[in-house]
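Read off the chains here:
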Amino acid sequence: MTLFNTLWAAIGGIAGNKLRAALTTLGIVIGVASVISMLALGNGARAAVDANFRFLGSDMVQISVKQKIDQGELVPVGEILSYDDGLRMPGELPLVERVLMSVDGNGKVRHDREVLDMVVTGTTAEGLLTLASQGQVQPLRWPDGERLTADAFLARGRFFTPAEVVAGADVCVLGHKTANDLFNGDEPLEQIVWVNRKKCLVIGILTELEVTNPALRNQSRPNELLYLPISTAIVNLFDEEPSVQITARIEDESRMVTARAQIIDYLRQRHNIIKNEVGDYEDDFELTTRQDILGAQQEAARTFAFLLAAMAVVSLIVGGIGIMNVMLVSVTERTREIGVRMAVGAQQRDIVLQFLLEAVLISGFGGVLGSAVGVLSVPLAANFNRGVALLDPSSIPLALLVALLTGLLFGLYPAVRASRLDPIEALRYE
Amino acid sequence: MLQNNLVIQVNGLEKQYQMGDNVVHALCAVTFTVQRGEFIALMGPSGSGKSTLMHLLGCLDTPTAGDYRLNGRLVSQLSQRERAVVRNREIGFVFQTFNLLPRLTALENVLLPLLYSGRISAGRARSQSEQALTRVGLTERIHHKPTEMSGGQRQRVAIARALVNDPALILADEPTGNLDSRTGETIMALLGELNDDDRTIILVTHDPDVAAAAERTLHMKDGQIT
Ligand SMILES: Nc1ncnc2c1ncn2[C@@H]1O[C@H](COP(=O)(O)OP(=O)(O)OP(=O)(O)O)[C@@H](O)[C@H]1O
Ligand SMILES: [Mg+2]
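Chains as they are written, first to last, in our numbering: chain A, 161 to 590; chain B, 261 to 486.
Because the hints were derived from the structure by calculation, they are not lab data. All clues given are correct.
For each label pair, taking beta carbons as the anchor points, the in silico distance ranges come out as:
(1) A:Leu467 <-> B:Gln337: 55 to 63 Å
(2) B:Ile380 <-> A:Ile171: 18 to 26 Å
(3) B:Thr394 <-> A:Leu565: 45 to 53 Å
Note that CB positions come from ideal geometry on N, CA and C, so glycine has one too.
Same shape as in the complex, but just chain A:
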């Protein structure tokens, strides 16, 4: 018997009981749909991690203060990570080429009668470069794939110089919306704004920015910005000296491990951290490199993959058992048909093939339906996961294949059982 004719017989078999076949596919549909949406969650999480940590180049070490929660507030566990810690690092450590620093604080910003309560950022002279390399925001309607430069972020004027940073100059750079809010359309350049109780000269205006990831666009306000030189910000925004965020750029990437160890030694020395009784150091700072993040991400991906596999296996086994059950019922109901087919010359393999094809058709149908449901449920899954879900196109053929294999696996037993029937017994079956 040709495959086509067998296929025809199998389709006939399903058509004989459409509702039952449809119900049977439910397990496969759920299984396949969950595989696709779970893969989308994993894919989305991976993409989000990629996007969030793109800024951390492989030649950078991020240093932050270690904090703990004390009476509902985050406080440093030991000493703060100071501006001075960062400032002296390149001089003390030859492997550290330079250091970028930043600190965020709340400030009252005023011009004429306009007063804004906003987050003010203090940075070193490379502030815009950091913004560009982070890739989180970009100028409005920036062409896809075009390299971002620090200059692209500036609409007019300039950013502050290293000399101004060291000197703690009273200059500032405004974000697009902040400039509009404060000056109502007047030219802000070379004008004075008050930041808390200090006058600052506006030396630059940023161009209008948007968040790079479209999914996150309405969650942050990229144009409400005010940059001060970090030294100015520390004096102006804080009563006590704050911890700063330090990013050290290493001259020679291949000596990352050494540089990392040197930074740790340097900070331990400055913070007077010595071994405790059991021989450990209780550091009050934390180092992060791209390698650290990748490692953590891979760890998370493994856990996720395991969870995913377990879920897929369980739902597909449930679906598979459903198919096996319905096929066993079908074989029993059609015992006479099997007997007739055998009586007119069907081989065992003809019968196996017919029922196997029937099972695979049912599971394949479930696979197609499940893929559709899976694709449609990706936005739903994203809703439950803070917008992080991204359909992985390769998951569709994968899920379909898995569905077909499930049909094949669980259809095998009923099909073989059908083929082992004795022709006489089968013909006599009522």
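Starting from the known structure of chain A, fit chain B with the ligands onto it as the hints suggest.
Leaving out everything else, chain B with the ligands in the frame of chain A:
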């Protein structure tokens, strides 16, 4: 030369069924031969082993002991696979209960043996099936399903299915048993015509009038030919 003309040679054929501790001797040392072109009626009381013998002759079952040669070839100990091929190519079986597939049309039912033989093209299989249906007097209703046909028409479809592969032997187990006597007569007339075409036919019947139409009658009792 005479040997070559023997379609069936049965020698000491036995069939036993194990029923718990009892052994049922459905057939005991059955021996007979059938010549090509013979029309044989098989008669006997209920439970005498007629159907059991027909199943063995039709290669639907294997004997417990004894030899069965079909067209000179020993077929009593063939594998399941080989028996399927023999059933497909050399035997046409007509059942009392028709045994048509209810979801298929008359034409599709007749096509089945050709599809399983896998030897001819779809086009030829179709025209051969239509010929077989014409041969049994059905030209109109070939696209109808069995449920849309009368008993006599269904049995005609079953006979068409039995002869579509041009088998050497047609076995009919009480083909008129489920039909009224008028319809039964037309079916018997049809089988007679097929026999005139030099086909070998063995027919099980309880009706002496039906048996009278045959050339030779074999009588069975308690699993033996008397
Ligand atoms: N599968 C079986 N298992 C056990 N015994 C069987 C089986 N098939 C047939 N028999 C027994 O074998 C004997 C012959 O049965 P068979 O069906 O051949 O009779 P029959 O002559 O065709 O009768 P009927 O005229 O009623 O159709 C009977 O006693 C029956 O009970
Ligand atoms: Mg009988």
